[in-house]
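**Student:** Here is what each chain is made of, one letter per residue.
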Amino acid sequence: MTGFILRRVVQLVIVLAIVSVALFLLLRLLPGDPTTTILGTEATHEQREILRAELGLDQPLIVQFGQWILSVFNGDLGESWITGEPVSAVMSDRLPVTVQLGVMSLLGALLIGVPAGVLAAVRRRSTLDTALTGAGVFFLAIPNFFLGPLLVLLFALSLGWAPPSGFVNFTDDPIANLIHMVLPAVTVGSMVVAVVMRQARGAMLDSLGGDYIRTAKATGLSRGRVVMVYALRNALLPVITVTGLQVGALLSGTIVTETIFTLPGMGSLIVNSIFSRDLPVVQGAVLLIVVAVLLINLVTDLIYAWLDPRIVYDAA
Amino acid sequence: MTLIQLTTSSSRKIAARLLRMLLRDWRVVFALTVFVAIGCAALVSPFITDTMTATDTGRLLRGPGPGHLLGTDNLGRDIGARLVGGAVVTVQVVAIAVGAALVVGTVLGLLAGYLGGWVDAVVMRTVDGLIAFPLLVLALTIVAALGPGVNNALIAIAVVITPQFARLVRGEVLSLRTRDWVAAARIVGVPTPVLLYRHVLPHLAGTLLVFTALQASTAVVAEGALSFLGLGVQAPDPSWGAMVASGTNYLSSNWALSVFPGLALFLTIAAFNLLADALRDVFDTHRTN
Chain A
23 MTGFILRRVV QLVIVLAIVS VALFLLLRLL PGDPTTTILG TEATHEQREI
73 LRAELGLDQP LIVQFGQWIL SVFNGDLGES WITGEPVSAV MSDRLPVTVQ
123 LGVMSLLGAL LIGVPAGVLA AVRRRSTLDT ALTGAGVFFL AIPNFFLGPL
173 LVLLFALSLG WAPPSGFVNF TDDPIANLIH MVLPAVTVGS MVVAVVMRQA
223 RGAMLDSLGG DYIRTAKATG LSRGRVVMVY ALRNALLPVI TVTGLQVGAL
273 LSGTIVTETI FTLPGMGSLI VNSIFSRDLP VVQGAVLLIV VAVLLINLVT
323 DLIYAWLDPR IVYDAA
Chain B
3 MTLIQLTTSS SRKIAARLLR MLLRDWRVVF ALTVFVAIGC AALVSPFITD
53 TMTATDTGRL LRGPGPGHLL GTDNLGRDIG ARLVGGAVVT VQVVAIAVGA
103 ALVVGTVLGL LAGYLGGWVD AVVMRTVDGL IAFPLLVLAL TIVAALGPGV
153 NNALIAIAVV ITPQFARLVR GEVLSLRTRD WVAAARIVGV PTPVLLYRHV
203 LPHLAGTLLV FTALQASTAV VAEGALSFLG LGVQAPDPSW GAMVASGTNY
253 LSSNWALSVF PGLALFLTIA AFNLLADALR DVFDTHRTN
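Going down the list, the protein sequences come from chains A and B.
According to our numbering, the stretch in the first sequence is residues 23 to 338, in order.
According to our numbering, the stretch in the second sequence is residues 3 to 291, in order.
Since the hints were derived computationally from the structure, they do not count as laboratory data.
This structure is a prediction, so every number in the text was calculated from the model and none was measured.
Any given hint could be a false lead.
As the list claims (entries may be wrong) - Partial chain A-side listing against chain B, Cβ under 7 Å, derived:
| id | residue |
| --- | --- |
| 1 | Leu47 |
| 2 | Pro137 |
| 3 | Ala163 |
| 4 | Phe192 |
| 5 | Val293 |
C-beta: ideal position from N, C-alpha, C; glycine also.
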């Protein structure tokens, strides 16, 4: 296990190195002059040159990259070109919103997706199975930037059950915060629910067909116990992996959803910074998201290895 | 009848049988219907560009009704006509972005898997790096670097999807390259490009077909999201994603502005997903859900 963890961490570091080079190069190739973004079009040539030197933009690319990486390791992601605030400070205000949105939609997806998948598998080929599978196809195909407006139209504007947009801090008013987050969480989580349900149904069908299930039934155990304890336990393994892999898609979903519901999270930060050409903020936010996804994937792998005693990773 | 004639005639029979099987599947029929509708819309759209941009200032944000069958937007433009116009971008996304990703990704995957060594190392590490980004985050970053616009959105989508194809193909090639017929072809001295094209690629056809349908669905969502955020297709050109976005400001006055383009996207994505499911059942390739 230690060997496996070590190997996975080394892999992670290599991928991170590649990601940071790619991210750095991609945004340095940006057409247009960053000094125009900061100083505006009225600035003189001298003012631009001074700023260029200050930002280190007059240095060779490789030196710029080295300086950037060094400061990233020191927790310094640079300063916003627009507001002058440290990027890390801008992000620390925004991060909790996205984390809350992600956690709520992921929990919701698991709480709905797993039981729905189990039900569909247990009642295979019934009307319920067909209905649930159909709902899965629906939620996989509806883009979240369309589902969001639909939910607003139905639950906010027509029924008035939830506010159409806006955000309240959890610490200010927990109830209002949750009410504001429900529609966004449904918007982000809908696709994940469909994926989780599909996977849970497939995995349950596989494990319900196993010999040990027949044996368990033959020993006279109750149907509920056979399904919930014997079959579900094995079926949950692939569900965990698939859910872990959905985190990237989930974060993609938060970008669009935060824009729809005007939530002050990381996603809307990235979009706004792209429009205002605030490169350090885009770079910092994207880097943070990629690191988060990579870490979550690593943790998913470790949980999987820990849960399944058959997997021997050190042998490879 | 020679052996070669025999195999081509029997493979034609197999192909015909597969096609008949597919055409009996409602999912395939549904997908084809949607594709034909989109294709027709894209063909018609150059002839109705005037209708698409014409503003009927007397009728802003009208619901569906006579005159404007699907209603009008906030500038009084006909939603139906703009819906037809938006089909062009969808066709471009699938034909250009997914097409390019399919070709480039397959070639890279074939080379990486077959040649191994430093080619494999360079290609696969790049693939690992790109796949680490959530899809939309990478697409956004590329558009941030290149600037908003439909061409840059197409480039971004192609770049985002290419590594997916490369990884899939490389994995398949790794297992195919040890097969007897590949070894035989290599010993006889078949040049590598010919060997890959004739003796490896055909075995990937089924898997690639399923995967392409899935990636097309992803690509349509990605373009919709980029245009929704204002980074894809730029006004006044119509795009379904941008139409949904502009409609979100007027949900209470005219729901049709968001709902019709959203439905068009939904049907397109569902068509590709269902087609992929149906193809997977027929070809019984790897379960890539």
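**Student:** Hint by hint, note whether the structure agrees.
**Tutor:** Hint check:
1. Interface restraint check: Leu47 (chain A) against chain B, minimum CB-CB distance 9 Å, threshold 7 Å, status violated.
2. Violation of the interface hint for Pro137 (chain A) is found here, the shortest Cβ-Cβ separation to chain B being roughly 19 Å, above the 7 Å cut-off.
3. Taking 7 Å as the C-beta contact cut-off toward chain B, the hint placing Ala163 (chain A) at the interface holds, the least distance being around 4 Å.
4. The closest approach between the C-beta of Phe192 (chain A) and any C-beta of chain B is roughly 25 Å, which is over the 7 Å cut-off, so the hint fails.
5. With a least beta-carbon distance of about 6 Å to chain B, the hint placing Val293 (chain A) at the interface is held under the 7 Å criterion.
Hints 1, 2, 4 from the list above are not met by this structure, while the remaining hints are.
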